Amino acid sequence: MTKQRVKFTFPADIIKEPVIWRLGREFEVMTNIRRADITEDRGWVILELEGEMEEIERGVQWVVEQGVRVDPVPGDIVEG
Amino acid sequence: MSYASHLRCRECGRHYPLEPLHVCEFCFGPLEVAYDYRALGRDLTRRRIERGPLTVWRYCDLLPADCEQAVDIGAGFTPLLQCRNLGEALGLRRLYIKNDCANPTWSFKDRVVTVASTKAREFGFDTLACASTGNLANSVAAHAARGGMRAMVFIPSNLEQGKVVGAAIYGSTLVAVDGSYDEVNRLCSELADKYPWAFVNINIRPYYSEGSKTLAYEVVEQLGWRVPDHCIVPLASGSLFTKIWKGLKEMAWLGLADWAHTRMSGAQPEGCSPIVGAWERQSFDVRPVRPNTIAKSLAIGNPADGYYALKVLEHSGGFGVAVTDDEVVEGMKLLAEAEGIFAETAGGVVIAALRRLATQGRIGPDELVVAFITGAGLKTQEAVLDKLTPPLHIEPHVSSFEEAIARRQEAVTAGAEVRPSQNQQR
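Line order of the protein sequences matches chains A and B.
All residue numbers for the first sequence refer to our numbering, where the first residue is 1 and numbers rise by one.
All residue numbers for the second sequence refer to our numbering, where the first residue is 1 and numbers rise by one.
No lab work stands behind these hints: they were computed from the structure.
You may find that some hints are simply not true.
To be verified - Mimicking DSBU-like on lysine-lysine, the simulated pairs with C-alpha atoms at most 35 angstroms apart in a straight line are:
1) A/K16 to B/K311
2) B/K246 to A/K3
3) A/K3 to A/K16
Keep in mind that this is a model prediction, so the values were computed, not measured.
All chains, please: the whole structure from these sequences, using the hints.
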């Protein structure tokens, strides 16, 4: 089992979609929300994903396909 | 000696010991180094600092690492130049440039990496790692060599040859990654979790970022223990900006300088301006962008410290400025022609923003202004190669020279751009 910390950023058009609930239902991935900020037009959620590495990767890929931006928690790591 | 006392979560305030940690276990907020300011206030004096070496380590009391064991290639104590020519061109009577091109690997990254590498060695790491498109790679490779550590440097596979050489010369292991920017980011995040390396801007980040405070300390000391009225700083991750602010406040808290309410203004290229974009919307919500700019060292589309940089902009009453790539090149040329400093594109961003603020009257003519130039131009020559006046080609005769110089003079008189250095007395 692996744990991965990620940040999901939701655009306005899918803010009402239960993406995190579906991630937990449709993939063998446990989701654990630690911090979030949702406004009318945008939202972000910082959470931990736990599961087999391949399953987490499949789940994250599905989340990206829903239109959610997925980043590492520390933000961009590649610096100038 | 270091007076660092613990790590503190910037979101929920929880405390952690001084270990290689970077996020809070509860809220995943970023951790920051805290100090015993009571003891510092008692022990630290201007005189004690002035007795120190002419590097960032003269401020070792305010850094989170042991200076006796420093991995030191001579970072810091770079020139603070009063700029009368540029000041006259912009209508600013008290303008200074903090020239961090003068660092050992020619950028301010040496400040943060000397602290990160020292701390990494204290923690017992034998490998220093980073993901970079230029300056950070060079600095990590150089410090690892000096510190007897292995360097693992991840670069995009399409990085320019000149930047590859700047890291490879130190004997580091360079790993060129095929993939998008986001994929490289995600890979490095996973590698940092998997391997026992000191990834300077991931698991060592709380210590690494503290090195930037030395820019503020030096400016204050070089101004005769005075805090500037206005700072113009390039924004990438936002870390440098927040740490300069922290450094200025520490100088005042500790009674080493009188507090002048410094305004902190931040500059980004339009092609990657998520922080300035949020500031313009009067929001603290930093929306990630895909970078598209010649200012590669500022091309961070999802800035880790963007939110905190916005807080500093708000608290200090500074301005966010986004400039076009054309303005960046003009800024580089203006600084070089007026003051003899060849800055990289990030420096062009700062000078272009400074000019914008001066033109708009957002900086008063008598304000004591410091603009931070964070890296040297030789690394980003491609940005200006086709924008410079070509050399005069002559035969090896005096007459050929005189004809050529006369033709050039005619061209200038006929309306080619007039350079600041030709109008002004030094």
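Evaluation of the provided hints:
1. A/K16 to B/K311: 29 angstroms, holds
2. B/K246 to A/K3: Satisfied, since the Cα-Cα distance of roughly 33 angstroms is no more than 35 angstroms.
3. A/K3 to A/K16: Judged against 35 angstroms, a Cα distance of about 26 angstroms means the pair holds.
Going through the hint list in order, the structure satisfies each hint without exception.
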